[in-house]
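S.K.: Chain order of the listed sequences is A and B.
With the first letter of the first sequence counted as 1, position 413 gets the number 440 in the working numbering; the numbers rise by one all the way through.
With the first letter of the second sequence counted as 1, position 44 gets the number 807 in the working numbering; the numbers rise by one all the way through.
Each hint should be verified, as a subset may be incorrect.
Restraint-style ranges between C-beta atoms, simulated for each label pair [claimed, not checked]: (1) E419(A) / L827(B): 54 to 60 Å; (2) H817(B) / S100(A): 35 to 41 Å; (3) G385(A) / R805(B): 26 to 32 Å; (4) M281(A) / P772(B): 51 to 57 Å; (5) K839(B) / E217(A): 27 to 33 Å; (6) Y84(A) / L802(B): 20 to 26 Å.
Anything over 12 Å on all C-beta distances counts as not near chain B; from chain A, calculated [to be verified]: (7) W46; (8) A247; (9) G385.
If you are wondering where the hints come from, they were derived from the structure by calculation, not from laboratory data.
Even glycine gets a Cβ: it sits at the ideal position worked out from N, Cα and C.
Residues per chain are reported as follows:
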Amino acid sequence: MTSHFYLFGGPLSRGRLSWIEESLKFYFVKLNPQNLLHNSKPRDSIFTFLLTGDALYSLQNPETIPVWEIILSMPSVKIICDSRELDLRGISIERLKMKNHEQVIDQNSLALNGQPSFWKDVMKFARQHEQPVPSTVGYLQMESPYMHQSAHAALQFLEAGVEGHASVDLYAYLDGVHLGHLGQNPSESENIGKGLEEVNDKAQKRGLSCQMIACGRCAAARGYSTWDDGQGVVISTCSIKPFKIRNLKEMIDMFERNHIILAKDSASIQMKKGGPLASSPPAENGRKPPITLMVTRRPYGTEMAFGAISFAVACAYEGIQTRVIFIEDGVYALMGEHKLDKGTHFFNLQEVVDAVAGSENLQFFVFRPSLAHRGISKNKKLNAVLDIGIPELGQLLFFPPTGVTANHQRVIFF
Amino acid sequence: MTIDPAEIPDFSDLTCTNLMIRLKILLKKSGTDAVVECLVRRDQRDTIDVPFSHSGYEVKIRKLDANRYRVSLKKKDPGPKP
Numbered sequence: 028m029t030s031h032f033y034l035f036g037g038p039l040s041r042g043r044l045s046w047i048e049e050s051l052k053f054y055f056v057k058l059n060p061q062n063l064l065h066n067s068k069p070r071d072s073i074f075t076f077l078l079t080g081d082a083l084y085s086l087q088n089p090e091t092i093p094v095w096e097i098i099l100s101m102p103s104v105k106i107i108c109d110s111r112e113l114d115l116r117g118i119s120i121e122r123l124k125m126k127n128h129e130q131v132i133d134q135n136s137l138a139l140n141g142q143p144s145f146w147k148d149v150m151k152f153a154r155q156h157e158q159p160v161p162s163t164v165g166y167l168q169m170e171s172p173y174m175h176q177s178a179h180a181a182l183q184f185l186e187a188g189v190e191g192h193a194s195v196d197l198y199a200y201l202d203g204v205h206l207g208h209l210g211q212n213p214s215e216s217e218n219i220g221k222g223l224e225e226v227n228d229k230a231q232k233r234g235l236s237c238q239m240i241a242c243g244r245c246a247a248a249r250g251y252s253t254w255d256d257g258q259g260v261v262i263s264t265c266s267i268k269p270f271k272i273r274n275l276k277e278m279i280d281m282f283e284r285n286h287i288i289l290a291k292d293s294a295s296i297q298m299k300k301g302g303p304l305a306s307s308p309p310a311e312n313g314r315k316p317p318i319t320l321m322v323t324r325r326p327y328g329t330e331m332a333f334g335a336i337s338f339a340v341a342c343a344y345e346g347i348q349t350r351v352i353f354i355e356d357g358v359y360a361l362m363g364e365h366k367l368d369k370g371t372h373f374f375n376l377q378e379v380v381d382a383v384a385g386s387e388n389l390q391f392f393v394f395r396p397s398l399a400h401r402g403i404s405k406n407k408k409l410n411a412v413l414d415i416g417i418p419e420l421g422q423l424l425f426f427p428p429t430g431v432t433a434n435h436q437r438v439i440f441f
Numbered sequence: 764m765t766i767d768p769a770e771i772p773d774f775s776d777l778t779c780t781n782l783m784i785r786l787k788i789l790l791k792k793s794g795t796d797a798v799v800e801c802l803v804r805r806d807q808r809d810t811i812d813v814p815f816s817h818s819g820y821e822v823k824i825r826k827l828d829a830n831r832y833r834v835s836l837k838k839k840d841p842g843p844k845p
């Protein structure tokens, strides 16, 4: 069985759903036409969409429902909803369920406390590729707690992992480093810092590993007191005990392993065998799961776009095959010619892309339909960023890069 | 040509990833024959040495003190075409 899954917790726009729909069509028509035959329908789902948080609104939004209907008309596509988040938001999914009752699931598995747990369902997918026991699952968190519900989702993911006897990793990047701030004391919300300490304690009692690694650059920028003794050891006096502030390289070292790593908006694509093979036997680097970073936000307004490129450079440097795709509003990073005052500490994103493009293991792409939809074009000087349409996007998502033998590809939306 | 040491940028505050990005931008701007120099920490020295020498640059490193190094990068001469 080939199984791919998407986890969405942020808003799902019609634009995003549409390119996903097109890439699924590409998968079924061009790569796996046998799945379209009625008598060869596999019993298990090939594509599963795990929806929580604001992504659930797309199931009731008249703009996105028609796209979901097309997606659900394809063979073996399933949606699993976070039932508690549906209830919280008062979202009705009856229209979609009526036509596709077997494909749209709004009942979650029961956790040990007897309550339905969407994250227990997520864990079933997150651990399906695992071979060694106990397995590991990882979560990349890029948003701060309390302002963003995703921090709560990250905690629930880790709790579900430990409950399922998996070792857990938390990777705190950008504003995600605030999850580990010491002395959190929210009056109207679950205490994320305390929750992380409890996860760590529970994991230790069960003999499981629990690592919480925060990016040193992101932490230093946000005022976490750090000290470097010249050996790379960084100590913070304002973070909770399990939280380790480390060089980004140490976080990326974890990405070299084969476990599933999810984020608020992310996907795990099982790699199709038969992609382009390297002429020599697979090297050590070939076993590292490749990563595709979707840059979906406008540049400069937030740290997301630069954070993605910086993360990509670090991954590529560690020998991970890395692709960066500018898509949706992320294409604004490539429009016009960006100018920056001399001597500023900030980066001109176009200059960064131009300088690092061509590095070993790193490739840049721009999704042409996103440019066209916004009536803009790519800066002609950025010729290292390749224009792609749906067929190329499908190839990038469903075929492993040359020489890669890992069984899945990580996709993370920035 | 000798560069005035006072003009050499001090990158010791940068993370390894951002140091790579800064250097690649400087090398791109400087053209093929130019030498790019900077001051870095001990751990940053290793970040520069291997990847740049493997990707066609001549890397020279001079120790200034226990945790301070002066690094210079220059594109290697590809030699005469066959």
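S.K.: Next step is simple, just say for each hint if it's right about the structure.
M.R.: So, going through the hints one by one against the coordinates:
{"no.": "1", "hint": "E419(A) / L827(B): 54 to 60 Å", "verdict": "48 Å, violated"}
{"no.": "2", "hint": "H817(B) / S100(A): 35 to 41 Å", "verdict": "50 Å, violated"}
{"no.": "3", "hint": "G385(A) / R805(B): 26 to 32 Å", "verdict": "28 Å, holds"}
{"no.": "4", "hint": "M281(A) / P772(B): 51 to 57 Å", "verdict": "32 Å, violated"}
{"no.": "5", "hint": "K839(B) / E217(A): 27 to 33 Å", "verdict": "56 Å, violated"}
{"no.": "6", "hint": "Y84(A) / L802(B): 20 to 26 Å", "verdict": "52 Å, violated"}
{"no.": "7", "hint": "W46", "verdict": "29 Å, holds"}
{"no.": "8", "hint": "A247", "verdict": "8 Å, violated"}
{"no.": "9", "hint": "G385", "verdict": "9 Å, violated"}
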